[in-house]
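Peer 1: In case you want the letters, here they are:
Number of protein chains: 2
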Amino acid sequence: VKNRFFQDIGGSVTAPQGFRAAGVFCDIKRLGTGKGSNKGQKRDLALIVSDVPAAVAGTFTTNRVCAAPVKLCADCVARGTARAIVVNSGNANACTGRQGRRDAQAMAQAVAEACRGGEISAREVLVASTGRIGVPLPMTQVKQGILDVAGLLGGGAAQARQASEAIMTSDTRPKEIAVEFALGGKKVRLGGICKGAGMIQPGMSPTGARPALQSLHATMLCFLTTDAAVETKFLQAALNDAVAKSFNRITVDGDMSTNDTVLVLANGRADNPPLTARAGDRRQFQAALDYVTLELAKKIVLDGEGVSRFVTVRVTGARSPGDADAAARAVANSTLVKTSWCGGDPNWGRILCALGYSEAGVEENRIDVGYSLPGRKEVLYSLKRGSPTKVSFGALCKITCTPAFDLHIDLHLGRASAVIYSADLTEAYVDFNKGDVTDPSSLGG
Amino acid sequence: VKNRFFQDIGGSVTAPQGFRAAGVFCDIKRLGTGKGSNKGQKRDLALIVSDVPAAVAGTFTTNRVCAAPVKLCADCVARGTARAIVVNSGNANACTGRQGRRDAQAMAQAVAEACRGGEISAREVLVASTGRIGVPLPMTQVKQGILDVAGLLGGGAAQARQASEAIMTSDTRPKEIAVEFALGGKKVRLGGICKGAGMIQPGMSPTGARPALQSLHATMLCFLTTDAAVETKFLQAALNDAVAKSFNRITVDGDMSTNDTVLVLANGRADNPPLTARAGDRRQFQAALDYVTLELAKKIVLDGEGVSRFVTVRVTGARSPGDADAAARAVANSTLVKTSWCGGDPNWGRILCALGYSEAGVEENRIDVGYSLPGRKEVLYSLKRGSPTKVSFGALCKITCTPAFDLHIDLHLGRASAVIYSADLTEAYVDFNKGDVTDPSSLGG
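Residue numbers (our numbering), protein chains in the order written: chain A, 12 to 456; chain B, 12 to 456.
Isolated chain A (complex conformation) (with noise of 0.2 Å):
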């Protein structure tokens, strides 16, 4: 990253100081193959704590059927401060009714027993989980979980590398992101770590309430510290302004989870003047929060199930915000279109019949379809208002063969633009999805 002022350190959630990390094998699926830390077996449960009452803020999904962490975590946010996060794989503690609500304070119950000497109430615990849905928790062996990873906590990357594997569903990789950058004289350490896979199409908000703009959904998680000291109610608008440009404008398949969850803890130990909304730096904090939630959202496309093909969808000209997320949604979640990206095909009749079903005002005979490779100027047109273009068949298959590459939609018809992180969709992700009804453990949330 050039000419920034923040440094991407390549760490994780244990850069900024006073945070720990951990995290354990303890059998959530109940595969019977024993307990206590990771024994050659997926680590399925990570724990967060900061050394000191930390300001939180969060965004959760807007599904009307969410899981039972995600109605602790809205609660726990809603009082400003906590000190630890615990999240399990394997079992999303979804549509388990009351049971999962008991099941979920029970969780937060055992890390602030298990933490004696931290002196952490349940009430600043967040809880977070993800895997399969309808399924209540395996409760015992969560809790043996929770006092093993509890005594493995540590500040090293070593520990917040076993963290970040532990949130892993079908993820293949751990995703871990943390910048440098000074606030008030101070030097402050951001980092995070997040998951996805499947199931992605998260519309976040802090309350509940759907965004303004149009938003449909896997489970993604994010967990994001700093050692920034931020005042509680920036902090939420920060992370707002943040997810809005980045876990909100990614798709893998479309569907959005009953989990979805960002969680901030800022725990001030590196004794900046607190950041406010009218705070001089504010801007460094929020550009620092907007690269590493981009760059941990963009992870999560890539690693998307059965992706081979990551897709920017860029939309502009459009008459309104709203046009323009809409035409760039559709896009980017169209069947068809997202099997020619499989194909590595240049598809421009596909774009337009999904620009043309969608919500936004679109003029067949004004639009634009070019590709680019990422981060470079030069784009190739296929079609230009509305016909098609000169350039090659093959000119343009260069482009979309490769892994990576931008679609750049002109409407031509007002200023609005958005941005959409799609993918393709590949026999491998219906491979993966499809399960196996001869083994129910197959069969994903």
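Fair warning: there could be bad hints in the mix.
Given that identical chains are not distinguished, each listed pair holds provided it fits within a single copy or across any two copies.
What the hints assert, rightly or not - In silico DSSO-like links for lysine-lysine, alpha-carbon gap of 30 Å or less:
(1) K309 - K395
(2) K82 - K256
(3) K309 - K388
(4) K409 - K198
(5) K82 - K395
(6) K244 - K198
(7) K244 - K401
(8) K309 - K40
(9) K395 - K40
(10) K154 - K82
If you're looking for bench data, these hints aren't it; they were derived computationally from the structure.
Dock chain B against the given chain A, drawing on the hints supplied.
Peer 2: Below, chain B without anything else, positioned relative to chain A:
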């Protein structure tokens, strides 16, 4: 079909009196393998002609990017009478600008000239196209084809079969139907052919205005003929009703085409007293039209690209018809739900997730989810009031592993209901549509 006043007579568009049809191969994809009637190649040009002027009604795609022939048909339907329908497959004549409009017009003109002696004016010729988007029609081939097909017109089942074959694109089989019933003391018949396969979630209206209910999209084409005498205004109203309950209730891949068209010609040769909105026997006609359009619509889903399972999504207990429709479409178009059907998985978590992100009002702890075999009353519920039932996984799989089943969702919030006819999403669909950029002729519309 039991207890119905009409009889399914196993015919097609030539079953009603005074209609002739034919289908030929004229090399629209320019394979360079010759002209004239079918020489072992797939037919690609169909013609249906009424011996006398017929009342006409139509519904058309509400895609804002709409093909040239659709506009031509809408104009002809507005004039109220027509004599012929010419249809080509292999090329959609969509996104072809002014040339496209000239070509559609030239097809109508060529039919008028080819049917010399029939005294058909170009203004009485309806035109429909399906296939690749954005490629100009090869008019030399098309005009020769029209000359050829006009010479082969006949009133037999074989000629109607040719027409039904000629309109196919990725369809694997022709789709035909005809019924017979009494109207005003006269025996009347209603016949039809259609095609579909991919880019299928029609949302048609008579005028191009969006239907009130959310509706999205393949090219589906349907051509209906009847020898009943029907007043034009009532014919359009009856068609609107029938399409709302049939073609606008299906989805294969959620993509609404640029070319979706349903046309009906009523030539009055049965000599019944002309049907109007006040006629006593209008309900018989409506019921027959409803039956014919729904049977044809289901055939499209059953023969959808890569489809291995036909699923009827039945939502009841919604607060409003709009909510019922939104809930049913969210489930019927969810990538994750459709892939779970592919594996025969009676997954309810993904269904609840889709309901939750739909625009419909839902309350998790009220929702029932059940399965039944088509036409059977017994519903096996996997979920009642948001809680899993004791019905075994194996018992559910016995239903969901069959080639066709009904999914029952009761929201228990109101009295509105909706049905959507959907299908699974398979690896075969992705394989078929991903194209092969090394063979541009394989790339779909």
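Peer 1: Against this structure, judge whether each hint is valid.
Peer 2: Cross-check of the supplied hints:
no., hint, verdict
1, K309 - K395, "within (29 Å within a copy, 38 Å between copies)"
2, K82 - K256, "within (24 Å within a copy, 39 Å between copies)"
3, K309 - K388, "within (20 Å within a copy, 48 Å between copies)"
4, K409 - K198, "neither (44 Å within a copy, 62 Å between copies)"
5, K82 - K395, "between (48 Å within a copy, 22 Å between copies)"
6, K244 - K198, "within (22 Å within a copy, 76 Å between copies)"
7, K244 - K401, "neither (54 Å within a copy, 47 Å between copies)"
8, K309 - K40, "within (28 Å within a copy, 40 Å between copies)"
9, K395 - K40, "between (53 Å within a copy, 24 Å between copies)"
10, K154 - K82, "within (20 Å within a copy, 66 Å between copies)"
This entry does not satisfy hints 4 and 7, going by the numbered hints stated previously.
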